[in-house]
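Colleague: Build the full structure now, drawing on both the sequences and the hints.
Line order of the protein sequences matches chains A and B.
Those letters in the first sequence? Residues 29 to 331, per this note's numbering, in order.
Those letters in the second sequence? Residues 193 to 436, per this note's numbering, in order.
Bear in mind the hints are in silico, worked out from the structure with no lab data behind them.
Hints are not guaranteed to be accurate.
As the list claims (entries may be wrong) - Capping the alpha-carbon separation at 25 Å, the derived lysine to any residue pairs in SDA-like fashion look like this:
hint, chain 1, residue 1, chain 2, residue 2
1, B, 311, B, 352
2, B, 257, A, 118
3, B, 412, A, 238
4, A, 108, B, 208
5, A, 116, B, 221
6, A, 118, B, 194
7, A, 184, A, 78
8, B, 208, A, 300
9, B, 194, A, 300
10, A, 305, B, 194
Unchecked claim - Stretch-level coverage of chain B by chain A, calculated; a stretch enters the list once three of its residues show a Cβ under 8 Å from a Cβ in chain A:
hint, region
11, 284-294
12, 386-400
13, 408-422
Said to hold, decoys possible - Label pairs and their calculated CB-CB ranges:
hint, chain 1, residue 1, chain 2, residue 2, range
14, A, 118, B, 384, 48 to 58 Å
15, A, 108, B, 376, 32 to 42 Å
16, B, 330, A, 312, 26 to 36 Å
17, B, 207, A, 201, 26 to 36 Å
18, B, 340, A, 61, 36 to 46 Å
19, A, 318, B, 341, 57 to 67 Å
20, B, 328, A, 278, 48 to 58 Å
21, B, 413, A, 118, 48 to 58 Å
22, B, 288, A, 33, 48 to 58 Å
23, B, 412, A, 118, 26 to 36 Å
24, A, 61, B, 336, 47 to 57 Å
25, A, 33, B, 248, 41 to 51 Å
Virtual Cβ for every residue (Gly too), placed ideally from N, Cα, C.
Residues per chain are reported as follows:
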Amino acid sequence: MGRLSVDLCGVTLDNPVIPASGAFGYGYEFAELYDINCLGTFSFKGTTLLPRFGNPTPRIAETPAGMLNSVGLQNPGVEKVISEELPKLKKVFHKPVMANVSGFSAEEYAKTCELLDQEEQVGWLEVNVSCPNVHGGGMSFGTDPQAAASVVRAVKAVTKKPVILKLTPNVTDIAAVAVACEEAGADGLSLINTLLGMRLDLRTRKPILANVMGGLSGPAVFPVALRMVYQVSKAVSIPVVGMGGVSSASDVIEMMLAGATAVEIGAANLTDPFACKRIIDELPAEMDRLGIDRLSEIIGGGH
Amino acid sequence: MKDCILTVAENRPLTKEVYHMALRGDVRAFTAPGQFLNLKLEGQFLRRPISVCDLGEDSVTIIYKVVGRGTAQMAAMLPGEKLRALTGLGNGYDLTDAGEAPLLIGGGVGVPPMYLLAKRLLALGKPVQAVLGFNRASEVFYEEEFRALGCAVTVATADGSYGVRGFVTDALPETYSYYYCCGPEPMLRAVYRTAKGSGQLSFEKRMGCGFGACMGCSCKTITGYKRICREGPVLRKEEILWED
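Modeller: Encoded structure:
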C-alpha cells in the first residue's frame, strides 16, 4: 500500500482519483494522451439495458465556472458494451474498472448489472439513480428513499461485486436517501451527480439546451458537493466517493477530509484531458505541504 | 490529437467581426484540411473549437468571428501571447473523392477550412472552383486569397451588395466533379438539396470536450451515431440523416 492508496469496498486503489462516468468515455481517447493506468480506476460511460441515442443537441452549455449537459445517457446498450467496448478498454486499462449503470425500472437495473457481473474486469457497479436528463428513470429513483432502496435490493440480488449508489443532489435531504440505500445493502455511495440548471440564448430568447434543462457540473458545484459528502458520510458507515467540481490535488484532499474515501473527477477532464494525471502527480507534494503521511488517514478528518 | 502551447504571431480583423489569427508551435497533429483545434482561454470554462484555415511547417492560421465572451477575448490577444490548444481534432476532408474538377462551397466562417483544402487540391494538379457566400459586401473576406491560389472564385451575398445576389446555391457552376462544403446548417441543408452529385459537408455543433469523451455533439447518420468532434465534423452526403 503506497501513501496514496485507499480501499474502496474491499478493492485497493493505487490512488483515490477516479474519472467520473460520462466524462471519460471508455478511456481510449485519454489513452491516446497518457497511460491511463496511473488512475485509481475510472467509471465508464453510463450503460443501459438497451442502446440509447440520448437527447437532441445542443446538449452542452457553458456556465460561470462550469457547464450544463443534457446528453441523456447515450450508450450502445449493455450487450455491445460487453462485446465491443470492454475488450478495447482492456487493452488500454489493466485494473478493475467501475461500471456505471442506469435504468428505467428496478428490474432493468438488475438485468444490466447481472450481465456486467459476469465481466472479470468490472470491480464495482456504480448504480446511477440520479441522471437528471432522462424521464421516468434515473433521478426519479434517487429522489425517493424507498425507490432507491428498491433498486439496491434488486441489484444486490444479482451480483457479488460491490454496489455503489450514485446519488442526486436535487433532493431536500440527501442523507435520508443515503441511509435508505445503506439499509437496503449498498456497499458504497457516490455523490453528487449534477445539479439541475438551465441557460437561455439571449439572441433567440430560448433555452440553449434542446432538452431545456441539464445538469450543472464543474468548480461552481464544489462547495455544494463537499457539503453533501460531509452530511452523507456522517450519516452512514459505508464508503462515500465524493465528486462535484474537483479540479486540483487540494480539492481531492478537501473532499477526503469531508468524508470521501475516493474522489471522482468529471468536467475537469473535458477542459483539460490531462487533469486526472496532473492531480495524481501533484498529490504527494500537496500532502507534504499539509503534513499528510498517507491519504487513507485523512478520510473524514474534517468531521 | 496533441496538447500544445501555441504563440500568437498575428491577430488582425478582416471585417468588422471576423479576425485572422496566426499561431506558431507544434502543428504536426493535423493531418487533413477541415480539422480543428480547441483553444483554452483564460477564465472561460469550455474550450473554443475553431477550424483550421491554413497550415505551415510550424504555424496554423485560424479565422474566427466574434460572437461571445471567448471570441471577444481572442480578438484582444496580442502577438507573443500564448494559448493552450488541443490540435489535430476531427476527421477532416477526404481528398481521394475529389475527381477532376472539385467545387468548394463555403459560407461565412465556413469559408476558412476551404482555403487549406483548395491549396491541397491544387497541389494535386486539380483545377478548383470556389463559391463563397456572405450576408453582405462588408462581410466578404478571403476572395483575393482564393484567387491568388489560382481558384476560379464566385462570391454570393444574400443582400446582393456584392457578387451574385442570393445564397451559394444561386451561384453554383454547371459542371464540377464533386463538392466540399462548410457553413451554417441552413446552408448545408440547401446545398445538400440542390447541389448536383456527391460531396462532403462539414457540421458545427456546441461541443463539450472536442475530442470524443463527452458525447455532447453526437448526431444520427445512416451509418450510425457519430460524434461531430471525432467521427466528424465532415460527413459524406450519403450518410447524412437530417433530424427533422
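Colleague: Each hint needs a verdict: does it hold in this structure or not?
Modeller: Results for each hint:
At roughly 28 Å between alpha-carbon atoms, residue 311/B and residue 352/B are farther apart than 25 Å, so this suggested pair is violated. Note on residue 257/B and residue 118/A: the hinted pairing is violated, with a Cα-Cα distance of about 43 Å set against a maximum of 25 Å. The hinted pair formed by residue 412/B and residue 238/A meets the criterion: a straight-line CA distance of about 15 Å does not exceed 25 Å. Only pairs whose Cα atoms come within 25 Å are accepted, and residue 108/A paired with residue 208/B is rejected, the gap being roughly 50 Å.
The suggested pairing of residue 116/A with residue 221/B holds, with an alpha-carbon distance near 23 Å, which does not exceed 25 Å. Distance restraint check for residue 118/A and residue 194/B: the Cα-Cα separation of roughly 23 Å lies within the 25 Å cut-off, and the hinted pair is therefore satisfied. Between residue 184/A and residue 78/A, the direct Cα distance comes to roughly 21 Å. Compliance with the 25 Å bound is thereby established for this hinted pair. Among the hinted pairs, residue 208/B with residue 300/A is inconsistent with the structure: their alpha-carbon atoms are about 32 Å apart, more than 25 Å.
In summary, the hint linking residue 194/B to residue 300/A is supported, as the alpha carbons are separated by about 12 Å, within the 25 Å threshold. Pair hint residue 305/A plus residue 194/B holds up; C-alpha atoms about 16 Å apart against a cutoff of 25 Å. Coverage of the region 284-294 of chain B by chain A is violated [criterion: at least 3 residues with CB-CB distance below 8 Å; count 0]. Residues of the region 386-400 of chain B lying with their CB closer than 8 Å to a CB of chain A number 4, which satisfies the three-residue condition for coverage.
Interface restraint, the region 408-422 of chain B with chain A: holds (7 residues with C-beta to C-beta distance below 8 Å; minimum three). For residue 118/A and residue 384/B, the Cβ-Cβ distance of about 40 Å falls outside the hinted range of 48 to 58 Å, so the restraint is violated. Judged by the Cβ atoms, the range 32 to 42 Å given for residue 108/A and residue 376/B holds: they are separated by roughly 34 Å. Range check, residue 330/B to residue 312/A: about 57 Å between beta-carbon atoms, so the 26 to 36 Å window is missed.
For the hinted restraint 26 to 36 Å between residue 207/B and residue 201/A, the CB-CB distance of approximately 56 Å leaves it violated. In this structure the hint that residue 340/B and residue 61/A lie 36 to 46 Å apart at CB holds, the actual value being about 38 Å. For residue 318/A and residue 341/B, the hinted distance range of 57 to 67 Å is satisfied, since their beta carbons lie about 59 Å from each other. Judged by the Cβ atoms, the range 48 to 58 Å given for residue 328/B and residue 278/A holds: they are separated by roughly 52 Å.
For residue 413/B paired with residue 118/A, a C-beta distance near 28 Å fails the hint of 48 to 58 Å. In this structure the hint that residue 288/B and residue 33/A lie 48 to 58 Å apart at CB holds, the actual value being about 51 Å. For the pair residue 412/B and residue 118/A, the beta carbons lie near 29 Å from each other, so the given range of 26 to 36 Å is met. For the pair residue 61/A and residue 336/B, the beta carbons lie near 39 Å from each other, so the given range of 47 to 57 Å is not met.
Distance hint check for residue 33/A and residue 248/B: the Cβ-Cβ separation is about 48 Å, which falls inside the suggested range of 41 to 51 Å.
In this structure, the earlier hints numbered 1, 2, 4, 8, 11, 14, 16, 17, 21, 24 are contradicted, and the remaining ones agree with it.
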